[in-house]
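For the record, the sequence lines run as chains A and B. Residue 218 in this note's numbering sits at position 194 of the first sequence, with consecutive numbering throughout. Residue 184 in this note's numbering sits at position 160 of the second sequence, with consecutive numbering throughout.
The set of hints was computed from the structure by calculation and includes no laboratory data. Hints are not guaranteed to be accurate.
One copy or two, it doesn't matter: identical chains are merged, so the pair holds either way.
Capping the alpha-carbon separation at 25 Å, the derived lysine to aspartate or glutamate pairs in DMTMM-like fashion look like this [claimed, not checked]:
1. K102 x E352
2. K26 x E289
3. K99 x E228
4. K102 x E248
5. K99 x D160
6. K303 x D364
7. K214 x D226
8. K183 x D318
9. K247 x E38
10. K303 x E349
11. K26 x E324
12. K99 x E218
13. K328 x E298
14. K214 x D245
15. K99 x E85
Protein chains: 2
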Amino acid sequence: MKTTGYATPAGRCEIHVNAPAAGFGSLAAGRKTAVVTDTTIRRLYPRLLAGRDVVALPPGERGKTLATVEALCAKFLKLGLDRSSFVVGIGGGVVCDIAGLAASVFMRGVPFGFVPTTLLAQADAAIGGKNGVNLDRYKNVVGLFNQPRFVLVDLDFLKTLPAREFRCGAAEIIKHASIASPSLFETLEKLPGEWASLKRRDLEAVVLRSIEIKAGIIEADEKEAGERRKLNFGHTLGHALERVGRFRHGEAVSVGMAMAAAISEARGLVSGQEVGRLKRLLGRAGLPVRPPSDPGPIVEAMRKDKKRRGRDVHFVLLSGLGRAEVREIPFRDLEEHVRDLCQHR
Amino acid sequence: MKTTGYATPAGRCEIHVNAPAAGFGSLAAGRKTAVVTDTTIRRLYPRLLAGRDVVALPPGERGKTLATVEALCAKFLKLGLDRSSFVVGIGGGVVCDIAGLAASVFMRGVPFGFVPTTLLAQADAAIGGKNGVNLDRYKNVVGLFNQPRFVLVDLDFLKTLPAREFRCGAAEIIKHASIASPSLFETLEKLPGEWASLKRRDLEAVVLRSIEIKAGIIEADEKEAGERRKLNFGHTLGHALERVGRFRHGEAVSVGMAMAAAISEARGLVSGQEVGRLKRLLGRAGLPVRPPSDPGPIVEAMRKDKKRRGRDVHFVLLSGLGRAEVREIPFRDLEEHVRDLCQHR
């Protein structure tokens, strides 16, 4: 077990990596606690939840709405929660996003913690205090920044994680390496292709390093006014790809990173060889890297992205493997890059 | 015109008292701005809103729900707002509460300002950064703390304010005097009974003083961990009375203050003469002070109040006219006080 964390003006978030999930009760510090989870976790881990006040959501992105947040708050009222209570989200990114938002607005905010159960949530989504829900098909358009008191990462959950979900987590870890750590990038290149069969010790090290990278960025820029924008590497295009269809989040981000790397090359920031290494690393982890043939729907989806700022987009480019920079580039130029990449894929 | 304000860790809120509402555009600092208002204000003040992107809500408390917040966010998307935009709420407390919450969660938060149009919103509700909506009949159970960038108080709005609304504003001003300012209390005692006919100069002075009292408390305790609880004087019972029926917010608070003052007397903190002065001041402003005959529904509503903390309630007592203290008293004792007051009203 390893312990890390980060501090923001609002307080400190403690992170325990490779620790037993059952410890969440003592981390909630004796407060009356409601657990928010999904029906899959409730079915797979009955002992973890025994004797707890549990609200189980249907799994998946579809319930990630304000209506669900309202239903949760109504449930909290029914359970007798008040301002001195605590909320624990146990699940993947969707559960953490919803539970964090519900806790943040229930009676103007009760403290909360996360027990992420997917690799993606453990290495990325549960860290950093972005809580939110979707509006129609626009992702995370309604939400807020508010940090959890703790994140408890139990790697045992990954034993029941489907392979496709495992790959989605790998995408975000590769992202953290690509933007901030040449050494993690090299470590990942040396791992066997199939992440799901990683040794526990290697997995702990990789997840911990991924979390530390993100935690460092959050401390520097909690509300995404600068440095934190780097975490959107692969996401401007990724969110658009995800909205357009068939990709899961991590897969869409993988294609988005490959495209953003190619754009970085087109702008003379990285070499073709470096782009090749990134694509190879993603491919070996079982992730897609090829852009779709039709750029139209992606461009349309990008127009509605919440990171747009007037006519320009904050776009994350690589300036090396393990180094990123954010440029405000005209939306038109980005559109042209995308058309180009889809045509010559 | 007078200018005041307050600062919290998140930034500064500028307050302009007795200034023309038309100035809201320049206070939004050239950002793309959406105005949230209600249909009454839109009908009464077409020139103020001409050429603006306006979303007009139906007036009244019934639309104060998360569904309305979601609809507002969808509208913001449609209007092309992004993170660099600004939201201005123009209306009474309900509009400010909803607009502030919608702005706070749209794309994880855009800045906002208020142009309050009722005496209650000007002297109280628009100040302090409590934003929220109701859940079923439980008031403000879903919300958050987030401060407006500005509050622009134009006293001209009060010319079209119904007398009953005027009285509700008076209740909150009397509350501020009762908990924090013997001198404002005495000033109010010298005013003519009918507040709606106050001279502009007197009104400006009273509203400004009321705002300054609240601003000082917010600076000391933004998130209601201590000092700010004093602002709930009359509200623990007031909220319950409001839920039970027929009273408007200010009227319920007026009865709640009279009852809380009587409880303070029963506990030996103030004299019967002081309680009499408070009741007289409220009565002269046209406000009710008599508790209902049946304590049952009030007690039931109090059980669900979000300020409850286990078996105890933070209850605000007067220890003089212009001085309050917060005590954690057993819910049972409070219940007994209420039964007593309803019986001997």
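Verification of the hints:
Taking the shortest Cα distances, K102 and E352 sit within 25 Å of each other only across copies (23 Å), while inside one copy they are farther apart (48 Å). In the homo-oligomer, the alpha carbons of K26 and E289 never lie at most 25 Å apart, since the shortest distance is 38 Å inside one protomer and 57 Å across protomers. Taking identical chains as interchangeable, the C-alpha atoms of K99 and E228 are never at most 25 Å apart, the minima being 36 Å within one chain and 44 Å between chains. For a Cα distance limit of 25 Å, the shortest separation of K102 from E248 across copies, 23 Å, qualifies, whereas the shortest one inside one copy, 36 Å, does not.
Within a single copy, K99 and D160 get their C-alpha atoms as close as 24 Å, and across copies as close as 12 Å, so both meet the 25 Å cut-off. In this assembly of identical chains, the alpha carbons of K303 and D364 lie at most 25 Å apart only when taken from the same copy (18 Å versus 76 Å across copies). Only within a single protomer do K214 and D226 lie at most 25 Å apart by alpha-carbon distance; the minimum there is 11 Å, versus 77 Å between protomers. Taking identical chains as interchangeable, the C-alpha atoms of K183 and D318 are never at most 25 Å apart, the minima being 37 Å within one chain and 60 Å between chains.
When the C-alpha separation of K247 and E38 is checked against a cutoff of 25 Å, the pair qualifies both within a copy, at 19 Å, and between copies, at 22 Å. Proximity of K303 to E349 under the C-alpha cut-off of 25 Å is restricted to the intra-copy arrangement: shortest distance 19 Å within a copy versus 65 Å between copies. Taking the shortest Cα distances, K26 and E324 never come within 25 Å of each other, neither inside one copy (44 Å) nor across copies (48 Å). For the homomeric pair K99 and E218, neither the shortest alpha-carbon distance inside one copy (41 Å) nor that between copies (45 Å) is at most 25 Å.
Proximity of K328 and E298 under a CA criterion of 25 Å is satisfied in neither setting, with 31 Å inside one chain copy and 60 Å between copies. With identical chains, the CA atoms of K214 and D245 are never at most 25 Å apart, being 31 Å at best within one copy and 53 Å at best between copies. In this homomeric assembly, K99 and E85 come within 25 Å of each other (Cα to Cα) both inside a single copy, at 20 Å, and across copies, at 22 Å.
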